[in-house]
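One line per chain: the protein sequences are A and B, in this order. Numbered as in my numbering, the first sequence ends at 364 without a single skipped number. Numbered as in my numbering, the second sequence ends at 364 without a single skipped number.
The set of hints was computed from the structure by calculation and includes no laboratory data. Heads up, some of the hints might be wrong.
Since the list can't tell identical chains apart, any single copy or any two copies may satisfy a pair.
[Said to hold, decoys possible] Below, simulated BS3-like cross-link-like pairs (lysine-lysine); rule was C-alpha separation at most 27 Å, straight line: (1) LYS54 / LYS347; (2) LYS50 / LYS228; (3) LYS250 / LYS206; (4) LYS161 / LYS26; (5) LYS359 / LYS307; (6) LYS250 / LYS359; (7) LYS307 / LYS231; (8) LYS250 / LYS307; (9) LYS359 / LYS26; (10) LYS206 / LYS125; (11) LYS345 / LYS250; (12) LYS161 / LYS62; (13) LYS62 / LYS238; (14) LYS206 / LYS50; (15) LYS54 / LYS307; (16) LYS250 / LYS161; (17) LYS125 / LYS62; (18) LYS307 / LYS125; (19) LYS238 / LYS125.
Protein chains: 2
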Amino acid sequence: MVTRKEVAELAGVSEATVSRVFNGLGPMKPSTKERVLEAAKQLNYHPNAIAQSFARRRSGNLGVVLPYMPKVHLFSAYYFSEILSGIGEQVREQGYDMLLSLLKPDESLDYSALYRSQKVDACVILGARDTPEQRQSLMKLQAEGHPFCLVNQRFEGLSFREVDADHIVGSYQAVRHLQEEGYQKIAFLNGSLGYSNSLDRLEGYHKAMKEAGLDVKPELLLEGNYSRKSGYEAAERIWEQREHVEAVFAANDRMAIGLMQGLRERGWIAGRDFAVIGCDDSDAAKLSDPPLSSINVPFYEMGKEAARGVLAGVLQGEAANHTKVKLPTQVVVRQSSKRNPSK
Amino acid sequence: MVTRKEVAELAGVSEATVSRVFNGLGPMKPSTKERVLEAAKQLNYHPNAIAQSFARRRSGNLGVVLPYMPKVHLFSAYYFSEILSGIGEQVREQGYDMLLSLLKPDESLDYSALYRSQKVDACVILGARDTPEQRQSLMKLQAEGHPFCLVNQRFEGLSFREVDADHIVGSYQAVRHLQEEGYQKIAFLNGSLGYSNSLDRLEGYHKAMKEAGLDVKPELLLEGNYSRKSGYEAAERIWEQREHVEAVFAANDRMAIGLMQGLRERGWIAGRDFAVIGCDDSDAAKLSDPPLSSINVPFYEMGKEAARGVLAGVLQGEAANHTKVKLPTQVVVRQSSKRNPSK
DNA sequence: TTGTAAGCGTTATCAG
DNA sequence: CTGATAACGCTTACAA
Numbered sequence: 022m023v024t025r026k027e028v029a030e031l032a033g034v035s036e037a038t039v040s041r042v043f044n045g046l047g048p049m050k051p052s053t054k055e056r057v058l059e060a061a062k063q064l065n066y067h068p069n070a071i072a073q074s075f076a077r078r079r080s081g082n083l084g085v086v087l088p089y090m091p092k093v094h095l096f097s098a099y100y101f102s103e104i105l106s107g108i109g110e111q112v113r114e115q116g117y118d119m120l121l122s123l124l125k126p127d128e129s130l131d132y133s134a135l136y137r138s139q140k141v142d143a144c145v146i147l148g149a150r151d152t153p154e155q156r157q158s159l160m161k162l163q164a165e166g167h168p169f170c171l172v173n174q175r176f177e178g179l180s181f182r183e184v185d186a187d188h189i190v191g192s193y194q195a196v197r198h199l200q201e202e203g204y205q206k207i208a209f210l211n212g213s214l215g216y217s218n219s220l221d222r223l224e225g226y227h228k229a230m231k232e233a234g235l236d237v238k239p240e241l242l243l244e245g246n247y248s249r250k251s252g253y254e255a256a257e258r259i260w261e262q263r264e265h266v267e268a269v270f271a272a273n274d275r276m277a278i279g280l281m282q283g284l285r286e287r288g289w290i291a292g293r294d295f296a297v298i299g300c301d302d303s304d305a306a307k308l309s310d311p312p313l314s315s316i317n318v319p320f321y322e323m324g325k326e327a328a329r330g331v332l333a334g335v336l337q338g339e340a341a342n343h344t345k346v347k348l349p350t351q352v353v354v355r356q357s358s359k360r361n362p363s364k
Numbered sequence: 022m023v024t025r026k027e028v029a030e031l032a033g034v035s036e037a038t039v040s041r042v043f044n045g046l047g048p049m050k051p052s053t054k055e056r057v058l059e060a061a062k063q064l065n066y067h068p069n070a071i072a073q074s075f076a077r078r079r080s081g082n083l084g085v086v087l088p089y090m091p092k093v094h095l096f097s098a099y100y101f102s103e104i105l106s107g108i109g110e111q112v113r114e115q116g117y118d119m120l121l122s123l124l125k126p127d128e129s130l131d132y133s134a135l136y137r138s139q140k141v142d143a144c145v146i147l148g149a150r151d152t153p154e155q156r157q158s159l160m161k162l163q164a165e166g167h168p169f170c171l172v173n174q175r176f177e178g179l180s181f182r183e184v185d186a187d188h189i190v191g192s193y194q195a196v197r198h199l200q201e202e203g204y205q206k207i208a209f210l211n212g213s214l215g216y217s218n219s220l221d222r223l224e225g226y227h228k229a230m231k232e233a234g235l236d237v238k239p240e241l242l243l244e245g246n247y248s249r250k251s252g253y254e255a256a257e258r259i260w261e262q263r264e265h266v267e268a269v270f271a272a273n274d275r276m277a278i279g280l281m282q283g284l285r286e287r288g289w290i291a292g293r294d295f296a297v298i299g300c301d302d303s304d305a306a307k308l309s310d311p312p313l314s315s316i317n318v319p320f321y322e323m324g325k326e327a328a329r330g331v332l333a334g335v336l337q338g339e340a341a342n343h344t345k346v347k348l349p350t351q352v353v354v355r356q357s358s359k360r361n362p363s364k
């Protein structure tokens, strides 16, 4: 590998000058600069990133933390690829790289370990959940002064840097949409309350129902675990009280689709016999039959914003910053939530 | 940050000894080792990975290259997450990290750039396509002696390290399955021939048809681009010659699902009026209606094997290695390919 | 079995 | 504007 030294020799300058040229530092004679650049080109010199990291005492890496859950697929892979793309785009703009870290499920969740070896300067944490363990881990991170940004998860009572979609408004929109289509008996199939999203969605649901002067009967509140299967199983419970349900808002698309499948087996077709709207606007929403109405969540932008914020923090050497960003959602209407024909 | 020096002082040994302890090198008195470990623990010392990389002249990073195609979703996100998980598992075992690199579509595809800064020791390249540009780029990589492994893509006439699924056998199995279910008029909806997979699948299709003594009429060969939309559009062409088609093998699940949607609009239901089998056994196959039969491709294992092989190469400092690995596929039967009732 | 010391390729500070 | 030079934290001969 060709080093700075060789470039300096060829250009007839000191090594320091070569560095200055490559880092755009200090005033310098254009002719010198040119000579250096010329020599570098001729030798095909490229600075060694590892040596730079070493000298700068910054890795130039943004850690991206994903809970690794084989087969469980908490994320629609849609989420996954959009958010990574967003982070990737931003990181590139800032001259950083992404170091992917897949957490093993059994692993005692010690986020600090990621920073210990100093291979990342900051992290974006995806798919966190509100458990005592994780709270502890995150508080430790913060106490140690390690910059990080949570995506899609708040921790009630704790304040971290975070980027989220506005799930309260999103749910509100979803339920309003169903109401506007003429439905009143609206059930809510939520996901685990370990995710702050779920709480937010519940709040949005309540708000919309209340504003419309509609009762929220406890029987209308179901809980799944964000899997298709749990949606499928919820179909049975919905079916039992079919007199009292005209429409369902599901907290993600996978459950919505499972629900449609379950009800279809009983002869109820979404968009004909009842309405469904999901959440995430994932690929599957377009693939399902009938196509699923959903709440679009700007995952790409969320990833990008998370990376932008936390890297800006690093580069400014800020002590601690608890910036919170909430991005807007949008209703996407497809066939599954068509107007109630009986109204 | 606490450094080796401090540990050495506290333990009353030289810095070299501390390194030896942490690298498990050379014979050493157990008592010394213990003292060092004790000191390290007390100070909460952890070796600085960047400094290690610097001194070892190895980054400890495996680059993972993904063509970034917003919205196009070449990959089922299923593919994406499985394969990354496989790579992730393997790098962890070898003490490596994954550096994710999302290639922009417009970007002149220069793989060498990834190695130039020496931030990766090797790469796993996903989603490559057979274009003159990419051929050139890969040949350059090889000429420069940079280790890499292609996943899911061969280049006819060129020999690289590669891991693939056995798509020839996979397709053969798919078509055989349809035949065993009693179908004879079997169309093939392939993807772009820029992917070697597509060629392989075509070969498997031909083989199965030929062995069964069935003609392959050109009209039975359709080409999409692996998107749901292209499957949907293919439905029209299938419909036009519905007299001559009883079953369809689609080169991925997305197209298969699009096809089912398109034909459903014309009153043809998969698993009743015709049969479909897809390929990938992605999430969507389970979510579709009816559930889609498919060819399971061991993405996780492919990722793992690719990482294993290429890292083994790096660690042994091998000059060049063109190992080829082919992993087996499996038919997964669901409703969409049910037996032809008229037989 | 352990210590000494020469790198590794930069950045960054301080003179000049 | 440019050149010396001291870090940076570790690995790895080589010596003892």
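Here is how each hint holds up against the structure:
In this assembly of identical chains, LYS54 and LYS347 lie within 27 Å of each other by CA distance neither inside one copy nor across copies; the values are 45 Å within and 51 Å between. Proximity of LYS50 and LYS228 under a CA criterion of 27 Å is satisfied in neither setting, with 66 Å inside one chain copy and 69 Å between copies. Taking the closest pair of Cα atoms, LYS250 and LYS206 come within 27 Å of each other only inside a single copy of the chain (24 Å); across copies the shortest separation is 35 Å, beyond that limit. For a Cα distance limit of 27 Å, the shortest separation of LYS161 from LYS26 across copies, 26 Å, qualifies, whereas the shortest one inside one copy, 43 Å, does not.
Taking CA atoms no more than 27 Å apart as the test, LYS359 paired with LYS307 passes in both settings, with 15 Å inside one copy and 24 Å between copies. Proximity of LYS250 and LYS359 under a CA criterion of 27 Å is satisfied in both settings, with 24 Å inside one chain copy and 23 Å between copies. Proximity of LYS307 and LYS231 under a CA criterion of 27 Å is satisfied in neither setting, with 31 Å inside one chain copy and 37 Å between copies. For the identical chains of this complex, LYS250 and LYS307 are neighbours both inside a copy (19 Å) and across copies (10 Å), given an alpha-carbon limit of 27 Å.
Neither within a single protomer nor between protomers do LYS359 and LYS26 lie at most 27 Å apart by alpha-carbon distance, with minima of 70 Å and 70 Å respectively. In this assembly of identical chains, the alpha carbons of LYS206 and LYS125 never lie at most 27 Å apart, being 41 Å within a copy and 47 Å across copies at closest. Taking the closest pair of Cα atoms, LYS345 and LYS250 never come within 27 Å of each other, the shortest separation being 33 Å inside a single copy and 38 Å across copies. For the homomeric pair LYS161 and LYS62, the shortest alpha-carbon distance between copies (18 Å) is at most 27 Å, but the shortest distance inside one copy (47 Å) is not.
Within a single copy, LYS62 and LYS238 get their C-alpha atoms no closer than 72 Å, and across copies no closer than 56 Å, so neither meets the 27 Å cut-off. For the identical chains of this complex, LYS206 and LYS50 are neighbours neither inside a copy (76 Å) nor across copies (76 Å), given an alpha-carbon limit of 27 Å. Proximity of LYS54 and LYS307 under a CA criterion of 27 Å is satisfied in neither setting, with 55 Å inside one chain copy and 60 Å between copies. Taking the shortest Cα distances, LYS250 and LYS161 never come within 27 Å of each other, neither inside one copy (36 Å) nor across copies (48 Å).
In this assembly of identical chains, LYS125 and LYS62 lie within 27 Å of each other by CA distance solely across copies; the values are 24 Å between and 44 Å within a copy. Taking identical chains as interchangeable, the C-alpha atoms of LYS307 and LYS125 lie at most 27 Å apart only when they sit on different chains, with a minimum of 25 Å there against 31 Å within one chain. In the homo-oligomer, the alpha carbons of LYS238 and LYS125 never lie at most 27 Å apart, since the shortest distance is 39 Å inside one protomer and 50 Å across protomers.
Hints 1, 2, 7, 9, 10, 11, 13, 14, 15, 16 and 19 from the earlier list are contradicted by this structure; the remaining hints agree with it.
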